[in-house]
Amino acid sequence: MLEFFFGYLSLVIIIFSLLVVLSKNAIHSVLYMLVMFFHVAGIYLLLQAEFLAAVQIIVYAGAILVLFLFAIMLLNLREELSAEQLTDGWPASLAVVAGLLLTLMLSLGGFTTTFNGSWSPEKIKEITFTKALGQALYTGYILPFEVASIILLVAIVGAIVLAKRRLN
Amino acid sequence: MNYYLLIPFLPLAAFLINILLGRKLFRHQAHWPSTLAVLGSLVVSVLVLIDVLNGQTLNRDLYSWIISGKFRVSVGFLIDQLTAVMLIVVTSVSFLVHVYSIGYMHDDPGYYRFYSYLSLFTFSMLMLVMSNNFLQLYFGWEAVGLCSYLLIGFWYQKKSASDAGKKAFIVNRFGDFGFGLGVILIFLTLGTLHYSPVFETIGTLSEKTVSIFGLEMNIITIIALLLFCGAVGKSAQLPLHVWLPDAMEGPTPVSALIHAATMVTAGVFLVARANPIFSLSPTAMSVVAVVGGLTALFAATIALVQNDIKRVIAYSTVSQLGYMFLACGVGAYGAGIFHLYTHAYFKALLFLCAGSVMHAMGGELDCQKMGGLRKYMPVTYWTMLIASLSISGIPGLAGFFSKDEILFRAYAAGGVGKFVWLLGTIAALLTAFYSFRLIFLTFHGEFRGTEEQKHHLHESPKAMTIPLLLLAIGAVGAGWVGIPPLLGGGEHFAEYIAPVVGHPAGEATHAEEWMTMGLSVLVGLAGILTAWIFYLRKREIPVRLAEKFQPIYRVLWNKYYFDELYDFIIVRPSLFVARNIIMGFTDGAIIEGIVNGVPAFIGWLGSHVRKVQSGLLQHYATFMALGLFLLIAIVMIVTGV
Amino acid sequence: MNFTDIHTLMPEIVMAVLALAVLLSELVIRRKETVGLLAIVSVAVTAYFIPTSFGTVFNGMFISDGYSVFFKFIFFTCLILTVLISSRYLEIERSSHGEYYALLMFATLGMMLMASAGDLIVLYLGLELMALSLYVLTGFIRHEYRSNEASLKYFLLGAFSSAILLYGIMMIYAQTGTTDINTISSVLTEKKATVSLLLSVIFLLVAFSFKIALAPFHMWTPDVYEGAPTSITAFMSVGPKAAGFAVLGRVFLVGLYPLQINWIPLLIGLSILTMAVGNILAIQQRSVKRMLAYSSIAHAGYAVIGIIAGGNEGVSAMMNYLLIYMFMNIGAFSILILMRSEDFLGESLDDFKGLAKTHPLTAGLMLLFMFSLTGIPPTAGFIGKFYLFKAAVGAGYTWLAIVTVIFSAISAYFYLRVVIYMYMHEPEGEAVSLSGSPSLGLALLISALLVLFIGIYPSPFISFARIVTG
Amino acid sequence: MIPLHWYLWLGSIVFCIGIFGFLAKRNIIIMFLSIELMLNGVNISLVALSHYMQDLRGEILVFFIIAVAAAEAAIGLAIVVSLFRNRTSPHVDEIRELKG
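Residue numbers (this note's numbering), protein chains in the order written: chain A, 1 to 168; chain B, 1 to 641; chain C, 1 to 470; chain D, 1 to 100.
Take these hints with a grain of salt, some might be off.
[Said to hold, decoys possible] Simulated restraints, written as ranges between beta carbons of each label pair:
no., chain 1, residue 1, chain 2, residue 2, range
1, C, Leu442, B, Pro197, 43 to 49 Å
2, B, Gly477, C, Leu445, 32 to 38 Å
3, C, Tyr457, B, Lys208, 34 to 40 Å
4, B, Ala600, A, Ile15, 51 to 57 Å
5, B, Gly477, C, Tyr457, 38 to 44 Å
6, C, Tyr457, B, Thr509, 55 to 61 Å
7, C, Arg286, B, Arg27, 37 to 43 Å
8, A, Phe70, D, Arg96, 21 to 27 Å
9, A, Ile14, C, Leu442, 21 to 27 Å
Simulated from the structure, these hints should not be mistaken for laboratory data.
Positions of the beta carbon are idealized from the N, C-alpha and C atoms, including for glycine.
Please model the complete structure; the sequences and the hints are all you need to start from.
Now the structure itself:
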């Protein structure tokens, strides 16, 4: 059963990823991306990470993609549809990427892990993933958490600086 | 004893102030920082001398610039008897020249530049003499050379001046190349460049020989000769003397300071400082003595017939430096340094007097166009007369004691010493002759210049005459610290310097000492007398002699054709190669291939690689991905997966 | 972590708080220069907390040791110098101040976190904090197309390299079960170097190479450096690059140290390629700003030798080199800013023609910086290179040292060309008018003095770096 | 139980599709989307590793990656907007004033 879900999710993820890249219409790309994000969230659920699944949908699908859509609206879509989508050198890129993928898949094939941490699936099930993650974030990982908040602040400041109109 | 640091760094500070702020702040007041700084150095040098006389010497590293295993480059100071003498010589002459230049250079547009160079020179010279290792000595050596070129070519608008600067630079390359090799050889064989360990361990090399062109040579001899190469270049000895007379294109105070009293004596200082090396190599010692003796005679003969007063004095300097080397070569380093010290005063005085004469004559240098100046410029006359008497070895004056000491030591050393003694004695005769020829032609007789020049004749301003008077005191009294026992003196100087350079070898009887002394006084007087007859009594004699011995006269007048010789064997062939062969090949490929090929190849490569930097983001990303992929591929291949 | 350990994090906390203060200060402070002054004071205040900050907190996630402190010293100095050279430039470019300084401080905060990161998560976040601030700063002159383009290129490639970094971190995590650098090291000592392990090393190497601009991951550098505001170029070529070296050193010489024999050959290859590309392409440039960009690539190639040599000797040589490079490079960029005026870029080689005649002091300073970049004694550049070579020779890479010397000799060509243009050419057209300001002058003075001082009296710096790494 | 390496394969495939999109697409916004794809590939692998290792680090890192991705998106799109103020082309091969 799990294998079936995994198969479905991964198939959709791969197909929609390809569609994102290959689609001619930028808006379609974003929409394909949306579908793909939902399925990635499904993978997270499969892995017992329900909080991350929620974050994936809220942040990625809800916030990031909206930003993308907004940016795409700035384009002249009609012109865009008739323009060439891929660069001249795309076959070379494809070759490089294919080689890379091959090596990665070869080296990752049959990979198993021998590490066993303290957060067994049962334990996570018992106290829920969200609570476990929350506890970790607010104790051991408080430093990166604070740094992440500063990063978001910088993003806000930066976006305003770059997008606001010129002074006088 | 930390105040010794002030000695070099005061002039350095003055240099920085003048070069950075001079143009704006001190256009006409640039002498203040420099002169005060060197005065400060002089005062501290006197204090250092007192310390040294009290037996306090010092050898320590100020700091290490680079420490790398055995290799240590440090700035350090060695203050001993030798250094103290040099400090007094350098700072005192430098100070007087600074003061003199206030009058001499007063309306030159490059006034601040002149003073900043002077300060830089003083700093470099002081670092040179205070050094406690060969590398710092080498840097100081190059730095004084640099200042010398800058100052020779000070009036760079004048072609002859900038040519002379270039000549000095090129000729010195030859000597410095040898010196540099010597320093490297010392490091390679002994693993250190500090004086004290080098001098302590140099003896261990006495058995080591290397074969050069089939000739077995002791390694110490090679080191000594390489070091001497540098000395020959810097101190203008045969055969690298050609740059010094041309260096007279620089301002006269510079000639007095750099090309008479201080920088050119650096070679002598080097030999004296490295005496533990030289003393171990009889061969090198003989070379030093013979080169010194020959130069002393040879330069004196040229000086006989020259008319340019500065050039006469320049040849005289070359000749006197020859004496110093002669002394070092026979092991009498103390006598050499003693002469260096007395010479600094009377020779600087001669130059400054010449400068004073030039000042009055509106830049005229030909002594045939002068005469009778005694009436117009009494101070200059009397001081120059004192200097000339001193250089001629008239008893009681500074030059007498030091020259007599050298000749006596040479005679006493025997062997090569006897030969160089003979050369030296003949040179002493010629010295007295040409010095007084100059005096008589310039200051006596009738004025032979133009009416306009005659109208303009005047004594120089106070800023110039006071240094003359002070130097005259030195020219008279500087030798009194080294009166030989024979004349009731204590030979204080020789005793004082002995801890550094040891006592000269060789014994001689009192009778012999009287003989050498008497002879040198005699030839001095004879020289003066001859000059008096030739140039005041019977003026036709020199003319007739010149006609009768036309070939000899021409050889002397043309300075033995050295410039022509070098022109023929070095300059022309290089120019020929440069013009014909290299130019000839530029259309071809060989030379261009080497000279232009490498840069051209890099340029060609660059222009192609540059295309990769296309400005296209995708290309950049592709290169990153490709780099990533290649790294992976390489690792996969190497690890064999 | 207990609250009593807060002193370890104090510099970062103070920097963050003061950066916010600077950001808001523009609302109340009218005079622009005051904002810059505030930024400098903030750095001083932050630096005040440094001496008491030694320690390790959050289970080794954050390490404040001699190594990180030395780098923080570089970042602070770099920030101060950048602020000093910025005010006049911002005026010419008519940009706002508050956000500019605040972003500089946030970038510095990111670099501090990078230098102190004991965990790849903190490292990644610090790196992103720095990078995001820099993307914005690069595009700070919004109305200028060059600035936009540079910013876009930097951003896209930077994000690409971050993704590669994350993949590498993921791989390392997969192999070692941890992201803690010290634990990674101890896990790896017991493991064989498998292919997947080497792959993760390569991913990390590529990502860090991008940050320090090693060829062939350097290609963003010239374009971004040329397009960015000059003051930011000066900052980027020093601070973030040093931060990249800090993490490269920490991750490779601590975390991945057991795999040293595997990554050293790769790093040597990258280093030589970098020196070649940087120096050869610098020769081609007519724009001094772009030439300096290529020169910064070449210098990264030199500095990597310190990491290749490894050990106390190599790391301290690398750190010293970065310190020295900061002064000479910011000095050179300051001269470029000095040349910039309202309608004059002053970046072309031709603009330097005859500068010695019209502005002898400026030309003299440029001469000093060019000499130092070439590595001519007695400037600091010589000292930096000397100790790098020495470390290389000491570690048995004499041939690498010789290759480096050859490339340095090539570099003399384009550095000294600037000198020749200044001193041997006659000025062309109307004289360049300099737009100096007291703060720019101060930055130049500091850089020039330190270039000379380190060149003449290097031992305090050398021994300082040795002590903190030892 | 699904083998761990299936997840890692999935992650690497998504990652590589992302790389391909970044290298081959002309439109800057799609290039940017491709980077998000790469990040998602990493995220899938990290969550899977974390789950199988019974360790939270990977999931925590994913949390941060998502946060940073949001920040990156804001800044990246702001850069695009400011670029479009001066030039209207979204094609990366037309953005090449800086080169050489």
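Taking the numbered hints from earlier one at a time, note which ones the structure violates and give those numbers from smallest to largest.
2 and 9
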